[in-house]
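**Student:** Chains as they are written, first to last, in my numbering: chain A, 28 to 343; chain B, 1137 to 1423.
It is worth saying that the hints were derived from the structure and are not from the lab.
The C-beta atom is built at its ideal place from N, Cα and C for all residues, glycine as well.
Just to be clear, a hint being listed does not mean it is correct.
As the list claims (entries may be wrong) - Beta-carbon label-pair distances, calculated as ranges:
1. B:Phe1248 with A:Gly199: 52 to 62 Å
2. B:Asp1252 with A:Gly199: 47 to 57 Å
3. A:Phe112 with B:Val1180: 25 to 35 Å
4. B:Glu1207 with A:Asp106: 38 to 48 Å
5. A:Thr74 with B:Phe1248: 43 to 53 Å
Unchecked claim - Computed footprint of chain B on chain A; a stretch qualifies when at least three of its residues, placed anywhere within it, have a C-beta under 8 Å from a C-beta of chain B:
6. 222–230
7. 303–312
So you can see what is in the structure, the chains are spelled out below.
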Amino acid sequence: MARIVQALLKRLGGMAIVLALVVTVVFIIVRVTPGDPAAVMLGSDATPEDIAQLRTKMGLDAPLLMQYGQFVLGILQGDLGQSIFLNQPVTTALAARAEPTFFLTLFSILIAVAIALPVGILSAVKRGTIFDQIVVTLTMVAASVPSFWLGLILIQVFAVGQGWFPASGYGGPETPFLERLHHLVLPAVALGVVNSALITRFTRAAMLDVLGDDYVRTARAKGAGEGRVILKHALKNAMIPIITVIGLSIAMLVAGAVVTETVFGLPGVGNLVVSAVLRRDYPVIQGALLVVAAIYVLINFIVDMLYILVDPRVRL
Amino acid sequence: MTTMASVSMPFASGLRRLFGNRAMLFGAIILAIVILAALLAPWVAPYAPNKLSIINKLKPPSMTNFFGTDEFGRDIFSRAIFAGRISLLVSLGVVVISTVLGVILGVAAGFFRSLDAPISRLLDAMMSFPDILLAIALVAALGPSLTTVILALGITYAPRLARIVRGSTLVLRELPYIEAAVAMGLPTWQILARHVLLNLASPILVQATFVFASAMLAEASLSFLGVGVSTDMPTWGTMLASGREYMNNAPWLMVFPGLAIVFSVLSLQLLGDGLRDLVDPRLAKES
């Protein structure tokens, strides 16, 4: 138990360092803007007074180190700055758009895992058969399809053609929850299918790795049923790489969500970022980057902790 | 661990294995076609990419316009070929930048113990940003142009190469001949250039191929979102973005640029997979 606590503390320390670096990277990104960010944000018809005012508002007048200090202090107090164009705090803007992005990511990962685990396992068990070859080919093709393109095709077939699902939008807060989720079916399928490719390949490779191991042979020799051998003995040991790749996929899903939300007109964080980029709303870009990266670091931490649960040998 | 089998292999046996791996051969052929079409675009494309012909707008695929025409009567086939130029140029630039950055960071972290922890943590931090999001933010900061898109994606993918290079360098550093070179008092730069970098070539080549594929997808996404390369030349992403509005009546506007992306990326993935198997036959049996 003490060793688990020690491992936990070590990981927490590592996470804090990475988070500090994430904050620094985000701070630097906005400061590499050639010229004056305030002038860039306001466009060519801004007066020098407007620019000076915005500079003060954004704290760009202070020395760089001071700006950094204020930035960090703000984050620690949960203040990510003020959106220039939305005229509201960045945290409020992000919170208002979190729901579609959260459920889109959640459903996509569920769809991806629901496809990848059984297909990957079966493909490994039936290695070399036509089924396996088709799976290997399909995962390769799926990994090459841009999720936004698959989204466009799904809209064309199932929204415009069949009319089964809405083509875009999400509905306001007054829309019933289930109806809002109905809007997420097509985007989640588009993202989930594309991202299932990587997880399937990893599941297959991890299963192939363990299926040849001695303990699997022993289990078979003991007369354990094939299902039991595969699910209990092999899969349990193949779980570590599979969990890792699922964790990694979440970052890819968020990246995919940015584009997919735009295709489906979902008012999520991705959509917010894209419109912020087009309007040069730096505080919003900065805040969104920070929150997404922090969530990713947190997921990685959870994945690391899951290792301990899944495999008692791992003591980090 | 793709490093250890990176012994240079005789050319003939390499070729034999290339032709033995049908998937890789297929990838290589498709990629060759895409590259040739892009290089020879002015000769291969039947029309100029921006040639307007309003009376021919939104025509379905035919013998005169293989992929149909868009809302301005421009030939989709010719535009798709010219768009390949931008896509390949951007992706190649991204590979060069991310490889240079990745090798510098990876070798430094893998070879010099004191640099390992700070560089590795920085790579962790960089990899915490989803690729498209980081690239979008960098493009927003630097301003959208061909150079900034290349730079932004190059920085975004550099950690992927750095990780691989670091891992391989860590293994190499412990090998007897490197220890011997150190013991002999060979200057560090000479050890790095002659013994480390040369042996890193294979893992770098494999990873660079995958970065090439990712960069192609990312460039298409950025262009589609309207935050990518801003030129008057078409890109597959901008073709899809503008074709969207007409996709109910003219689905070919989105089918062909999309297929161009899929086939190009697929060819690179097949090539990367095949190269990895050539470099490390141990992995071949697993995939």
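**Student:** Report the numbers of all earlier hints that the structure fails to satisfy, in ascending order.
**Tutor:** Of the numbered hints, 3 and 6 do not hold.
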